[in-house]
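Novice: Generate the whole structure from the sequences, applying the supplied hints.
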Amino acid sequence: MIIDSDVVTLSRLQFALTALYHFLFVPLTLGLIWILAIMESVYVMTGREVWKRMTQFWGVLFGINFAMGVATGITMEFQFGMNWAYYAHYVGDVFGTPLAIEGLMAFFLEGTLIGVFFMGWTRISPVKHLLVTWFLALATSLSALWILVANAWMQNPIGSAFNPETMRMEVTSFAEVFFNPVAQAKFVHTVSAGYVLGSMFVLSISAWYLLRGRNVDFAKRSMTVAASFGLAAALSVVVLGDESGYAVSENQKMKMAAIEAMWETEPAPASFTVFGIPDVQNRTTHYALQVPWVMGLIGTRSIDKPIPGINNLVEDTKGKIDNGIRAYDAMLVLREDRNNAQAKEILAAHDKDLGYALLLKHFVEDPRKATPEDIQKAADSTIPNVPVLFWSFRIMVACGFYFIALFGYSFWLASRRRLDRNRWYLRVALCSLPLPWLAAELGWIVAEYGRQPWAIEGILPTSLGVSSVSAGQVWTSLAGFVLFYTALAVVDAVLMLKFARKGPDGLGLWPVVKRDPSLRPALED
Amino acid sequence: MFDLDTLRVIWWALLGILLIAFAVTDGYDFGTAALLRVLGRDADERHVLLETVEPTWEGNQVWFVLGGGASFAAWPMLYAVSFSGMYLAIALVLLAFILRPVGFNFRGKIEHTRWQDLWDWVLVASGVTVPLLTGVAFGNLFLGVPFRFDDDLRMSWHGSFFELLHPFALLAGLVSLSMLLTHGAAWVALKADQSIAARAARIARWTCLAWAVLYVGAGIWLAYGIPGYAIASEVVPGGPSNPLFKQVATGSSWFASYMRHPWFWAAPVAAFAGALVLQWQVAKQRVSGFLGSSLMVIGTILSAGFALFPFLLPSSIDPRSSLTVWDASSSRSTLLLMLGATAVFLPLIVLYTSWVFKVMRGRVTLEHVRGTHRSY
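So the sequence lines, in the order shown, correspond to chains V and W. When you line the first sequence up against this note's numbering, it's residues 1 to 525, in that order. When you line the second sequence up against this note's numbering, it's residues 1 to 376, in that order.
These are computed hints drawn from the structure, not numbers from a lab. Fair warning: there could be bad hints in the mix.
Unchecked claim - The list that follows gives simulated cross-link-like pairs (lysine-lysine, DSSO-like), each with its CA atoms no further than 30 Å apart:
1) K246(W) x K344(V)
2) K352(V) x K358(W)
3) K246(W) x K52(V)
4) K128(V) x K358(W)
5) K361(V) x K246(W)
To be verified - Simulated coverage check for chain W against chain V, where a stretch passes if three residues somewhere in it have a Cβ under 8 Å from a Cβ of chain V:
6) 72–80
7) 96–109
8) 146–153
9) 231–242
10) 325–337
11) 345–354
Because the structure is a prediction, the values reported are computed rather than measured. Note that CB positions come from ideal geometry on N, CA and C, so glycine has one too.
Specialist: This is the structure in structure tokens:
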């Protein structure tokens, strides 16, 4: 079976575009719903109407975003079957389960309660409505948990083994799959990123109202919630970074080395390269500015464990490829003779490296006939795109530290009740709005682009996962996505701007009081 | 007690239950959307129609999402072959599913006639596309679809989008469309202002009649014009999930399983019973008419699933590649774990879904929509 490399490229492009697009909406849903839950809790506890109005106003913006998240999420579920059929067959036994449980446990709750959130204000008691909001918040985060359990298995595929009779991976321990350490690190990191984004959304739009002198008390209260929640989230997203999960597996190590542009293994604890120009050709990093110890601490949470460099990891890979070829050979023997005991034994010994033989298929038709050059090429192909990872990671981390600073300062201002005194601060808060999106998208690139050439690390190369569709078909769907997603992005932006501009006063949720923004604010209530 | 073969039958049934739950719940949303511009003569009437489905359509749609996830997990080959093989048809269904959530949410966000007209027609289009194409896909299952596996179990597809539009498949599409139009109209008769409800009831009776004619026609065509598939080698219900381990013969009848298990006839009988209840009750605008159309939907889907059993996806060009209940499932561990998860969460889903329907009960009147600002 010859695989059309155009289909591979187009399918990857389509998946990346649709996933990055979907991920514009998911983090806002994740973060904003908790802010709504906090606001509505204050309403129910104090009975003060303003907090209900806040929940309703931010809820309108939440609703627009939620619709986009749902619409683009279905694409993701369809695409595994449409464009990655061999992937779906090869790992569906393991990978499908967390997705199905996500539907059962989380998405169903979300989908069912969302209507009551918007249309139930007058139909149920405030306490019941609050419960609905809390369950919505819980469900969105649970949803992220199961999706990340699935994703973590792609990064660190434990709890499973190859079955030659069914030609696929099958689960051996669901406990291992569910409690994958990579999943835990990813979950905390990803939902925290969403909480940061939701907080920034509320902070920035509120800052705009204060700059305009509109909805002043409404905006200050909203900012106070956003500053507190945002500060906690920003600390969590940086301190509990996803990197803690990088030490556990080979490809994760490769990803970490690529992020660091660390070509050779350094003695522990490794230093962190703050700046440098990675040179892929000569496998070196020019003008490297290094801080000793930091990388070792981030990567291994210790001072005595070394972090392997790219070149060493490539050497290790060659050995795995040799083992993989043995497993591949045994698999072919078993296909002719289902009960060949010797082949079964060889396969059992080396099946965890079978994927490395599949990696050779990109270079040679039959992996058993690979030359040392083919093996070298296949081993080299496990190096991801170093400069992209290096820079994406640094920009993301810089954003993270900036969020801590901004939310920290906001929190300090809020606690001194001075949020509306400093126009420069308000302008900075407003202009920071796009940054959490930038950081979130770069995070996705580091995690997923950094996993290449694998779809499932060490198990299935991305290029083998595609469907037997024609390039023309993928062009058609890709063109459709570009067309409709662009149109929807415009509509979404127009509606978001329209309702943010209208504001709580324009929607009749808050009295229209135009206050001269240059005057000192009135006394607090 | 849960052997692989037992689990396979359970998951075949669960897949059917998910599909039926989707058709019974989201089916009325699609039917209502498809009839939006027929039943809703002016802006207020359309507002009423949309408000009958707005609180619940999103939860209803999750039955479909869950069905997709469950087939990925429990029947990965079925999911892989059908979604990639019928690529462009699935892409159209996907487009309908993408535009629907934003259609419901965005339509009311701008008070402008052309804007709302645009989204109305988007909703109508998605309300027609999904039932029609789902039916066409089902029709193709009986015809067999052009795919084969190689030794790596990599599937290759040897057909085009237009080949899916075989006359029998189109007929199946119309059965599905008329069925869900009836179901949607029965929903409107139950939930909308009585002036609209009366018109909906009349439409339901006509579309139900159309369904009966098309359904019987499809049955006769299936019995006399379309060869069935049968497993020709020894059936190993607990064997490994590799379709290539069996042999398949064509030429028998799709009604063979009805002969083997006479109780299967209960499904088409239920469908007709539901249609009769609908004809008799729908004008009364009570829940009984809606229950009638629900029974019709359940019976129709079951009758198709029963005829196919044990086949899931027959192959027209390489019959032994056909997917059956016995050789296309996940491993025992996966089926068992998923069954456990379903046993815990499905009752909870039914519980909170019922609560939401209870909270949102009652008729949406014209008076109500004229008096309130849109809340969604």
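Novice: For which of the previously enumerated hints does the structure constitute a violation, in increasing order of number?
Specialist: Those not satisfied are hints 2, 3.
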